[in-house]
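Start from chain A and add chain B according to the hints.
If you read the protein sequences in the order shown, they are chains A and B. So for the first sequence, our numbering puts the first residue at 1; every next one is plus one. So for the second sequence, our numbering puts the first residue at 1; every next one is plus one.
Derived by calculation from the structure, the hints in this document are not laboratory data. Keep in mind that this is a model prediction, so the values were computed, not measured. Check each hint, because a few of them may be wrong.
Short derived list, chain A residues pointing at chain B, Cβ under 7 Å [to be verified]: (1) Arg17; (2) Ile18; (3) His21; (4) Tyr87; (5) Ile89; (6) Pro90; (7) Ala136; (8) Ile140.
Pairwise CB distance ranges, derived in the manner of DEER restraints [claimed, not checked]: (9) A:Pro114 <-> B:Pro114: 41 to 47 Å; (10) B:Pro90 <-> A:Ser46: 42 to 48 Å; (11) A:Asp147 <-> B:Ile96: 15 to 21 Å.
A few chain A residues that don't get close to chain B, going by computed Cβ distances all over 12 Å [stated by the list, open to error]: (12) Gly9; (13) Asp41; (14) Arg68; (15) Leu138.
Ideal Cβ positions, reconstructed from N, Cα and C, are used throughout, including at glycine.
2 protein chains.
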Amino acid sequence: MEIHILRLGHRLPRDERISTHVALVARAFGAQQMIYSGQHDDGLESSVSRLVGNWGGSFIVRYEKNFRKVIKEHREMGFVICHLTMYGIPLSDKIIEMKKADRLLVVVGSEAVPAEVYHLADFNISVTNQPHSEVAALAIVLDRLQDGKEFGFDFKGKVRIEPSEKGKKVQKASD
Amino acid sequence: MEIHILRLGHRLPRDERISTHVALVARAFGAQQMIYSGQHDDGLESSVSRLVGNWGGSFIVRYEKNFRKVIKEHREMGFVICHLTMYGIPLSDKIIEMKKADRLLVVVGSEAVPAEVYHLADFNISVTNQPHSEVAALAIVLDRLQDGKEFGFDFKGKVRIEPSEKGKKVQKASD
Numbered sequence: 001m002e003i004h005i006l007r008l009g010h011r012l013p014r015d016e017r018i019s020t021h022v023a024l025v026a027r028a029f030g031a032q033q034m035i036y037s038g039q040h041d042d043g044l045e046s047s048v049s050r051l052v053g054n055w056g057g058s059f060i061v062r063y064e065k066n067f068r069k070v071i072k073e074h075r076e077m078g079f080v081i082c083h084l085t086m087y088g089i090p091l092s093d094k095i096i097e098m099k100k101a102d103r104l105l106v107v108v109g110s111e112a113v114p115a116e117v118y119h120l121a122d123f124n125i126s127v128t129n130q131p132h133s134e135v136a137a138l139a140i141v142l143d144r145l146q147d148g149k150e151f152g153f154d155f156k157g158k159v160r161i162e163p164s165e166k167g168k169k170v171q172k173a174s175d
Numbered sequence: 001m002e003i004h005i006l007r008l009g010h011r012l013p014r015d016e017r018i019s020t021h022v023a024l025v026a027r028a029f030g031a032q033q034m035i036y037s038g039q040h041d042d043g044l045e046s047s048v049s050r051l052v053g054n055w056g057g058s059f060i061v062r063y064e065k066n067f068r069k070v071i072k073e074h075r076e077m078g079f080v081i082c083h084l085t086m087y088g089i090p091l092s093d094k095i096i097e098m099k100k101a102d103r104l105l106v107v108v109g110s111e112a113v114p115a116e117v118y119h120l121a122d123f124n125i126s127v128t129n130q131p132h133s134e135v136a137a138l139a140i141v142l143d144r145l146q147d148g149k150e151f152g153f154d155f156k157g158k159v160r161i162e163p164s165e166k167g168k169k170v171q172k173a174s175d
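With the rest of the complex left out, here is chain A (with noise of 0.2 Å):
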């Protein structure tokens, strides 16, 4: 399945890391890309890219001002879009039925996410009905969708991590 993620209304210095956060669990979890509206931050895109460089893969940020425009193109490249809100659906309830997609874009909100969006899903999921964090509504999702797959993905990163009981085993490509 091909999975595009939508990150609503970054602000600065306020979103900094949890944006950052949603994009490095949109890639462990096998996203493709993020593309983030609100402001626009260098920072934000060059540590997700750095990241890549070492840790592997081709995940991707970008910038795109007009949420709408984003919405909009994935609709007509055939992305179904599921909103995450705490108002939204339990997952449990829909998660059949997004399986079926072939391409998912999935919107990921900030503190005031506008009325539209709500229309301009398709679904709109909740990971309980709870406050809680957007990071860990999107890990849960992601990991539904990929059915724990995510934890056998090789990334072919010149850094990598070898499982151990106690203390740290890195391995270093030679490059």
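Showing chain B alone in chain A's frame:
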């Protein structure tokens, strides 16, 4: 299962939002309390306690400067100590063992985790060996421990959400 979270090395202002997300995920996914070390932060404590007041449950956040003391006391109370780290053994290899615990202390690091934490822990657990987010890692671990039961928790709060296909439906108990 009784679940406590230990958030290490909270720094202001850098970790304000991430630590809040850790606390809210802990609550929403069924932990009973979060203890944090690092810098004391009244804002973190009051924002979580305000949220608990509205949304229900009895989750608490408390500060303890000395994280070694927290681990030691929890071990004495019969808690199994599980440290989340991307250097650790995949969750899927250890989840059956972890579920046998009646009481679990989940240790969530920040930027620089002292080496001794890896040795104090009974389990060093990774949610993929890729860099992403302690918020996401915690959510995945708690989701697996709860077998997804977090979707059915009732916090009996003053505010409740009625899941909806489009838009927001909020119920407020008159108190």
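Evaluated hints:
no.	hint	verdict
1	Arg17	6 Å, holds
2	Ile18	6 Å, holds
3	His21	4 Å, holds
4	Tyr87	4 Å, holds
5	Ile89	5 Å, holds
6	Pro90	5 Å, holds
7	Ala136	4 Å, holds
8	Ile140	6 Å, holds
9	A:Pro114 <-> B:Pro114: 41 to 47 Å	44 Å, holds
10	B:Pro90 <-> A:Ser46: 42 to 48 Å	30 Å, violated
11	A:Asp147 <-> B:Ile96: 15 to 21 Å	18 Å, holds
12	Gly9	14 Å, holds
13	Asp41	15 Å, holds
14	Arg68	17 Å, holds
15	Leu138	7 Å, violated
Violated hints, listed in ascending order, are 10 and 15; each of the other numbered hints is respected by the structure.
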